[in-house]
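With these hints in hand, go ahead and build the complete structure from the sequences.
Residue-level listing of the chains:
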Amino acid sequence: MHDAPRMTSVETRLNSIISEFADLDGREKLELLLDFANRLPPLSATYLERKAIEDRRVHECQTPVFLWPEVTAGRARLVAEVAPEAPTVKGFVALLAEAIEDQPAAEAEALPDDLLERMGLAEVLGILRTRGLRSIVGHVKRGITRQFNAQP
Amino acid sequence: MAEYVHPEVLVTTEWVAEHAADPKVRIVESNEDRALYIQGHIPGAVEIDWQVDLQDQVRRDYIDRAGFEKLCRTYGISNDTTVVFYGDKNNWWACYAFWVFKLYGHPDCRIMNGGRKRWDLDGRAWSTDRVHPQQTSYVAPEQDVSVRALRDEVLKHQKAGRALVDVRSPEEYSGQRLHMPDYPNEGALRGGHIPGAVNVPWVLSVNDDGTFKSVKELEKLYTKESRLKRRSPTVAHCRIGERSSLTWFVLKYLLGFSNVRNYDGSWMEWGNCVGVPVVKGTEPSGGSEPHGVADAARASVSPAPVHA
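In the order they appear, the protein sequences are chains A and B. Here our numbering is used: the first residue of the first sequence is 44, the next is one more, and so on. Here our numbering is used: the first residue of the second sequence is 192, the next is one more, and so on.
Everything labelled a hint here was simulated from the structure, so no lab data went into it. Hints may contain errors.
[Said to hold, decoys possible] Derived list of chain A stretches under chain B, where covered just means 3 residues or more per stretch with a C-beta under 8 Å from a C-beta of chain B:
(1) 57-68
(2) 163-173
[Stated by the list, open to error] Derived Cβ-Cβ restraints for the label pairs, each shown as a range:
(3) A:Thr-89 x B:Lys-350: 52 to 62 Å
(4) B:Ser-318 x A:Arg-49: 45 to 55 Å
(5) B:Asp-255 x A:Arg-161: 44 to 54 Å
[What the hints assert, rightly or not] To be clear about the criterion: a stretch of chain A counts as covered by chain B if any three or more of its residues have a C-beta under 8 Å from a C-beta of chain B, and this derived list gives those stretches:
(6) 88-99
(7) 136-146
For each residue, glycine too, the CB sits at the ideal point set by N, CA and C.
So, in structure tokens, the structure goes:
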């Protein structure tokens, strides 16, 4: 018997999230995504100040989405603000934030691009929305890489 | 006060609240963000999604006639049902769904003026109940092509010098904006607009509360400043045909244009076509002021929609 390749902690978290979504119907998947959206904490005073002076808006999103993919001592974190009129985007961003919170940056850099397909959300959201959300995954990964490379 | 030409297609939130349980009326929500309906919808309203329900999932086209009939039957819509559409984003998607229903000749379609925003501002209640409409029978005619313009028709229309209205943002119209740095281009290989098209961004048609502007303001915008004519054949387009279905609604029903079609292929088709005419710049003919540094800077921070 072969040993299964060891899963990283981000993968473990994501697999547990994916299995939560797996057996739900379309409506229930969106309800679960709303639960994630409701857990996204509001920006702290520090980030509210930074929001005013930094260009953190994700321009390819129609609705206001502000992201701070960060790396501290090799650990990843995603701070975000998403307009309440876009609860799907907010839920997905919150889910990404929970998955990478305090995990090794190298693992966060390897977030899979096909997450929405694996959660069964792609067919609920349609091609264009799925593409839009996937670009957020890319945005987070690139941000983590930039931060990681800038570490002393 | 001057009235819209077809005021009967607009209903108020009050009318909807009064008719939500009327068996002859079906309230339909259509959104940019599907989770909004789950968060709360008008009591009794069903959700019809523009991507998943109204579009074919394989070909780039709408569902076929049989698909439309099945959709209506599932959502409790009969041929004589009054269907009232509303949604987020100033009723973009509500107008889009309205347009698809007109494409299949549904007689009585209306828009709830102001959409979700106005319902909220009026302090009306949202419901999270699951709605289970009774199956109906529905028979749809073939597509009513008088509301739809296809690519070759638009080309002919353009060559004949007929009226075109491009409802995208000024940056998309002039060709400054095509894709974001670092990102693969989501839509078109070429930027700019169809020669002769006037630029009237869709957003100018609506008030802050999501309702449509008055007939006087709309006339100023479309017939005076942009010199569009009620009796001239007119084609509206945007990037994927959704913002322009709102403009199509405004021109046809609020201003009474007698021959207006929506080019649903829009820029995601035109900007990828080989050999079709394209011009850049701020003028319909393509003549333009030079693109200054300030313009380029503005374009790089402007939140113009990319996936719409």
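So, going through the hints one by one against the coordinates:
no., hint, verdict
1, 57-68, "violated (count 0)"
2, 163-173, "holds (count 7)"
3, A:Thr-89 x B:Lys-350: 52 to 62 Å, "holds (58 Å)"
4, B:Ser-318 x A:Arg-49: 45 to 55 Å, "holds (47 Å)"
5, B:Asp-255 x A:Arg-161: 44 to 54 Å, "violated (30 Å)"
6, 88-99, "violated (count 1)"
7, 136-146, "violated (count 0)"
The structure shown violates the earlier hints numbered 1, 5, 6, 7.
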